[in-house]
Structures are given as structure tokens and as C-alpha cells.
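2 protein chains.
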Amino acid sequence: MKNSYFAFLLVLLASCTPKPSSQKAFPLYLKNLEPNRELSSAMKRSLAIYEAPRMLDNELYTNFNYTELKGFDYHGFDGTISRRDPSKIIFENGRYYVWYTYRNTPTEPKGYEGSNDTIPSADWDLAEIWYATSTDGFTWDEQGVAVPRPPKPKPGWRSVATADILKFKGKFYLYYQAFDAPSGKYDAKRDAYDICPVAMSWSDSPNGPWTALDNVVIPFGAEDEWDYRVIHDPNPLVHNGKIYLYYKSGIDKRDANRKFWDAWGLAVADSPEGPFVKHPLNPVMNSGHETILFPFREGVAAIVNTDGIEHYTIQYAKDWVNFEVASVGQLLPTAAGVFSPDAFTDNPQADGITWGLSHFINAGGDWSKMCSTLARFDCDLSLSTNDPSLKQSNVLLPNSVYFQQRLTPKQKERIHNDNIAFLEKMK
Amino acid sequence: MKNSYFAFLLVLLASCTPKPSSQKAFPLYLKNLEPNRELSSAMKRSLAIYEAPRMLDNELYTNFNYTELKGFDYHGFDGTISRRDPSKIIFENGRYYVWYTYRNTPTEPKGYEGSNDTIPSADWDLAEIWYATSTDGFTWDEQGVAVPRPPKPKPGWRSVATADILKFKGKFYLYYQAFDAPSGKYDAKRDAYDICPVAMSWSDSPNGPWTALDNVVIPFGAEDEWDYRVIHDPNPLVHNGKIYLYYKSGIDKRDANRKFWDAWGLAVADSPEGPFVKHPLNPVMNSGHETILFPFREGVAAIVNTDGIEHYTIQYAKDWVNFEVASVGQLLPTAAGVFSPDAFTDNPQADGITWGLSHFINAGGDWSKMCSTLARFDCDLSLSTNDPSLKQSNVLLPNSVYFQQRLTPKQKERIHNDNIAFLEKMK
Chain Y
0 MKNSYFAFLL
10 VLLASCTPKP
20 SSQKAFPLYL
30 KNLEPNRELS
40 SAMKRSLAIY
50 EAPRMLDNEL
60 YTNFNYTELK
70 GFDYHGFDGT
80 ISRRDPSKII
90 FENGRYYVWY
100 TYRNTPTEPK
110 GYEGSNDTIP
120 SADWDLAEIW
130 YATSTDGFTW
140 DEQGVAVPRP
150 PKPKPGWRSV
160 ATADILKFKG
170 KFYLYYQAFD
180 APSGKYDAKR
190 DAYDICPVAM
200 SWSDSPNGPW
210 TALDNVVIPF
220 GAEDEWDYRV
230 IHDPNPLVHN
240 GKIYLYYKSG
250 IDKRDANRKF
260 WDAWGLAVAD
270 SPEGPFVKHP
280 LNPVMNSGHE
290 TILFPFREGV
300 AAIVNTDGIE
310 HYTIQYAKDW
320 VNFEVASVGQ
330 LLPTAAGVFS
340 PDAFTDNPQA
350 DGITWGLSHF
360 INAGGDWSKM
370 CSTLARFDCD
380 LSLSTNDPSL
390 KQSNVLLPNS
400 VYFQQRLTPK
410 QKERIHNDNI
420 AFLEKMK
Chain Z
0 MKNSYFAFLL
10 VLLASCTPKP
20 SSQKAFPLYL
30 KNLEPNRELS
40 SAMKRSLAIY
50 EAPRMLDNEL
60 YTNFNYTELK
70 GFDYHGFDGT
80 ISRRDPSKII
90 FENGRYYVWY
100 TYRNTPTEPK
110 GYEGSNDTIP
120 SADWDLAEIW
130 YATSTDGFTW
140 DEQGVAVPRP
150 PKPKPGWRSV
160 ATADILKFKG
170 KFYLYYQAFD
180 APSGKYDAKR
190 DAYDICPVAM
200 SWSDSPNGPW
210 TALDNVVIPF
220 GAEDEWDYRV
230 IHDPNPLVHN
240 GKIYLYYKSG
250 IDKRDANRKF
260 WDAWGLAVAD
270 SPEGPFVKHP
280 LNPVMNSGHE
290 TILFPFREGV
300 AAIVNTDGIE
310 HYTIQYAKDW
320 VNFEVASVGQ
330 LLPTAAGVFS
340 PDAFTDNPQA
350 DGITWGLSHF
360 INAGGDWSKM
370 CSTLARFDCD
380 LSLSTNDPSL
390 KQSNVLLPNS
400 VYFQQRLTPK
410 QKERIHNDNI
420 AFLEKMK
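Those sequence lines, one after another, are chains Y and Z.
Sequential numbering from 0 applies to the first sequence in numbering that gives the first Met the number 0.
Sequential numbering from 0 applies to the second sequence in numbering that gives the first Met the number 0.
If you're looking for bench data, these hints aren't it; they were derived computationally from the structure.
Backbone N, C-alpha and C fix where the C-beta goes; we use that ideal spot for every residue, glycine too.
Among the hints, erroneous ones may be present.
[Stated by the list, open to error] Dumping the calculated DMTMM-like pairs for lysine to aspartate or glutamate here, alpha-carbon to alpha-carbon at most 25 Å:
#, chain 1, residue 1, chain 2, residue 2
1, Z, K424, Y, E297
2, Y, K30, Z, D251
3, Z, K109, Z, D77
[Claimed, not checked] Pairwise CB distance ranges (calculated):
#, chain 1, residue 1, chain 2, residue 2, range
4, Y, P397, Z, G110, 57 to 63 Å
5, Z, N385, Y, E141, 37 to 43 Å
6, Z, D365, Y, D77, 36 to 42 Å
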């Protein structure tokens, strides 16, 4: 809010000043920039909104590098074992901990129609929440189940997936999606494919055992509200002594590509069990397939990826509600679980992040044997770390990556017809 | 469970104290959005700034698909022949025309120290402006030279490159960079590697012959001005009966990766020979390695690529000066020369673009045999065209593209040391 107020002030100032023809040219060096200079919109953004005008000085700009992990078996990517959607990473007992969706089924996923009690419909069907530990973030020791599928008919009896971790007042809490049917089951009322409410389990230790709350923790919106259809991807952080939990829903009608408009909400609670009060300015984000956030300075930063008009950006909300684009990037980590040392510390000078885990779907390259793997990403979104090699202005991708984006036969046909029509018109 | 859920709902309703107003939740369907609703910053951008809140309705969001061209020989990519930096494409005499940097030298580029009268220093050294025509934009007929290297000591005697086209009052004008030394020669005063002022040639026909003006058309800024070092990549359009020419320069000191801050300027003239008056609000763009623009509706849209905090975006300036981010994308075309039917028509409902040519450097995959190729890109940044298949919310890249971005040995060392220090601190 402060940023938009400041921007408003700038606009007001700009409209009050005389026409700009009397000002001299913008200086070669920023240090010579006069304080009251009238600026174009683009330069206003660079000088007033972004962390810093130069990319290398900009704490919220980064490249991302990726490394395969050691310690996880994937059965030769035959589709029977899958690990995905890693949680935030925490450090306890001298080790890093991560939780993730773990599927180990007799066959690969076979779609909703092909599923049964033992055959999964989707990559995250018939899954459990497992966890692993590491001392370096590259080699992991898989520890086993954290949150199992509870007995029918408890919430999540069919599958529990997409967990995230909270540490609050010395206890540990996992928030995750609880499925009571194979993923892919269509709900006509909601026009959505999965009704998988957010459930929660807690423990005194990151090693478990975990006790399930057996309640829906984040309520669905009412029928006419933006978060009616789904509540996905719960991501809890701590701010001002409260739990700030971000989640995703899908609003408006399906578009021609069958997609909703992905948007994030914020819900705040005094204690991990709730009640969670939804913020009146929801949705707080207009893009982003997964909710990926970490405290940064006094506010919260977000990695906004995959879907939406502002996909592939890092964003920042000083007040934890009003996000502004902080930088644009490339190859952002999918479903990232960041290592955020200040995730729960209420540190007004939160340092940021330098690494985390993410996932890669279709790990074996065969969609009919669908499975996913966890991987590590490294970056520089940290105040204390300063790595110019991770802030390259541009990362050149191989030419072949572009040519793989080839025209479809249908596109070629339209282009051909459009061209014929154009040539006719220009005769 | 149902009773506790219902009770929970009651508690939630009772505890809900929305700030700052008493507004109800954001609606599920946009059509039910109340006019005076208070919105988060992100939703304000979606609903007030972007072309449309939904990606498929957003005329300035697109994917890009790429196709190799027919009709150009590259000597098996041995580095002796290169085509790059295509101009805007125009349609005349029943054909599409494009101009480009054309190099055909006995050897591949050998750097400044290795160059001489016949050996090029860089990919664009010892180059001429050539042109080609097409009836479909895929298969091209190379026509030969448009602007040759003039005899020494005329401007451009060493190389002419990076041309763009203007049609104005029935005549044709090429603006290009004129080199008087092999590219890579360092100028200590400017701390820049190439002094290649913008020159211009004109013709009554797109087929030539072209008459060189032999003047520097866009003056360099003074020593303390932002566009002192270089004036690159001239891109002329027509607006309100005048020539609106955008160009690029590099401001401030070199960063740790040896790069300046790329920024664009606007210079306006009543006639193609100038004088060009630089806009007082320059720079008008804070990112973008090449100047890629096209009239759109009453304003001008820009493809902002490669370098800068706002790289990989499409932007829009209703007033041709103040650009706002319009969408974020992926795999934008490098050095694009767009086919903009309204580039010079002063059409207040300019339709936009659906294709153009771009270039790919290191075409043979061997940097020691550096050469570049032209290619075609297709997109949907057009009011009249409506292709949802070119507005996918996300384009999935192969996993290998991510893993090619691997940690360098130096990065691994820093990460290792940082981790050791962290583990120590946490003991």
C-alpha cells in the first residue's frame, strides 16, 4: 500500500510540475540524478519501486540453477514411484528437513476411469506425506512416512498430498490436501475436478509422530465467492505473531484452454488450528500456480510461476497483502519448497533465500509412465549473499529450445489462410 | 465432523472483522464484481492496467512459436556467412520485404586483435545491409545488397549493420549503424567498445538504389548525458505525422558482469533526415537489448527482451512515452523485426502483429565459428486475430533445459562453504 501511495505522490507531483521541456537530459551516472527530476513511467518503476535500479544491486533479482539430488530411488522412472510438491525446508536437530508428496503404487497413474483401490488416477493419488533429511541439501536420507492415509472415512483416506510445514511455539504443523476420492473426479456444482480440503496434522517433533486434526482447516468460500471451488497449496508463514497462510483458488469461468484464473488468498489465524480469517482484499495475487513465499526484510516475497499474466516474476509485499512485481525472470522453480531460515521467526530484516527444492514432472520423459522427481535449485534472493554469477542479466538458452516451440498443423493452416486473405486484400 | 464444521463456520463468520471496509468476499465471477470494490495491488493491476484480466482475452499476451526459414544458405555454418538483426518487415509490390545485417567473409570472426581488412572481428563486422522478399514469410528470395559499405572514409566504410526501415510520404529510409573501425575497438573516453553512429540511406523504392545521407542522424548525448556512449538499434515508426524513432543506449557504470544498464530513448523528427529531437522524459524504457516496437490501438507496444529487470515482457505506452508492463512471457524473439502493417499508417486502432523474423546466434553450435541465422516467429498480439493456442497460460519446457543450468564449480564452492558456516552457527 505504501508503494502505491508513493507512486500516487509521484504522479501528483508530475502533473503539478511544468511541462518537462525545460529539464536537461537524464544523466549518464545515477549519482548525478537530480531529486525532483520528472521521469518516464519505466524509470519511475526502476527508481521508486524496484529494490534497486541495477540488476546486480537488486536483491530480488536472480537466475536459477538446478541440480539433481542423491538419495531417492525412482524405480527407473517406470511410473510406480513419484515424489513431488516439496514443503518449505526447515533446519532442526542439525539437519535440513523436507516433506513431500510420496506415491508408491503397483502401477503408473491410469486416469480417473482407470483407477481403483490400488491403481492411482493421477501422480498425487494414493499418496502419503513422506519426509527426508540432509546435511547439505544435495544428498538426502529418506526417513519414511510422516502423514499416512488415514482409515476410511477420515479426511484424506484416499490420498494426502501437497503439504507445507509450519513451526509455531515449538510445535510442528503440516497443512496438506486431503482427498476422499481419486483425483480427477468431476464435481459439477463446483465445475472443478478435485475437492481436497486443507487438513492439518501436528507433532512435537519434525520426526513425528503426527496427529491429524480431522477438521477442514481453511473453509471453502461460499458459492458466489472467489475461493468457492478449491483451496489448494496451503503455505503457512509467521508474521506479527500470527500464522499467515497463503493458498490458491481458481476464479471466473473456464477459458478456451479450460483453465480458471489462478489467484492467491491470505488467511490469518492466532493459532495453527485456526480459525483462519480470510483477508478482505483477497485475492492478493493474480498469478502463480503454486504458492511460493518467504519473508524478506519486513515483508514477504513471492516466486510467481507457471500460470497467470505475471508468471515468471518475483514479487514483494511490504505489508504482506499488496504485492508489486520486483523482477522478471526465467526458468523459475516449479512447486518450489524454499529454505527460508526466517519463515517463522518474525524477523523484520528477514534475509531471504538462496536455495530450495522443486519438482520436475514427467521425469522419465514418457507421459504414459507419469512420475515426478525432486531437485535442488540455487539462487540469490538473499541480503547477506552476493553472487553476481547468479544475477546475469540474460541467460542464453539453446536455439533448439526455441525451435521445439513449433507451429502446429492447425496454426500453420490459419497462418496460410490469413496470408492468402492478406495478399488478396493488398492487390 | 459436520457439526464441528458448521460450528466452525459460525465462529469464522462471527470473528470476521474485515479491514478496511465491510466489503464481502471477492466474487467467483468477474461479472459480479462491484464497481467500487477495494482491491489488492495485484488485482488492481489485473483489472485496471492490463489489457484484460484473463490471459485469453488479453490482446497483449502471447506465446511465441518458431520456424526455420527456407531460401538462405549459411555455408554449413562454417562461420563465413551470417544474417542477423532483421528490420521490421514491410509489404510492397505484392511481397514482404526484410532488411538485415549480411556478412560474407573469407573466415569466421576472429576478435578485434585477429581482424584485418578482410578478416572480421565480430559477427557484424565487414557487413552490409542486404534484403530479401517473400510471399508467405517462410520462404525467402535473397535479393542482394541494399546498403553497401561505402568507400573509406565515408561513415560505415568498415561495416554497416543493424538496419531498420521507415516508409514516409512514399519514400523509403533505412537507419543503421555505421562502423569506421572493426567492432570491438575500445573507446576509453566513452568506456564503450563500438562507436557506430546512426546513419541513413533513402530510396524511392524498396528495391533501391539507396542514397546515403552521409550524416550522423541521431546525435550522441553530451559527455554527462545518458545517451553519450552509444546510440544503438534505431527503430523508426510514424505517429501524429512525425517520425518516432526509438534507440538504445547504455547508462551508468559497468556492473560486476561488465554490463551497462540498457535503456531506450525516443527521438522525434518532422522529416526522416531530422533534426531528431530527443524526448525530455528519456529514457522511456528501463530494459530490452533491442528496440522492438509496433503501433497498437492508439499507442505503441514493445517486446522487451534479453536484458534488464523487465526483460521477457510485452509493454504498452498509450502516449508513446510512458510504458507499462502489459504481460510477462517466455522465449521472446531475439532482435525481432516485426511485420507491423500499421508501422507507418498513423492508425488510431492499430491492429498489432502476428509474426516477424528474429535471429539466432551461434547457429552452428560452435562459438569459434560464430554466425547467425534468421528465423520466423509467430504470435498473437493482434486485435483481429484470435488464437487461443498461442495464448497458453504456461508453456512447459523440457526438464533438461533446467538441468543445463547447472552450478559452476565456483558456485558449488561458495554453497559448500556457506553450508558449513551455517551448520557451525546452528550447533
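Inset, instruction - Could you check the structure against the hints above and give me the numbers of any it violates, in ascending order? - result: Those not satisfied are hints 4, 5.
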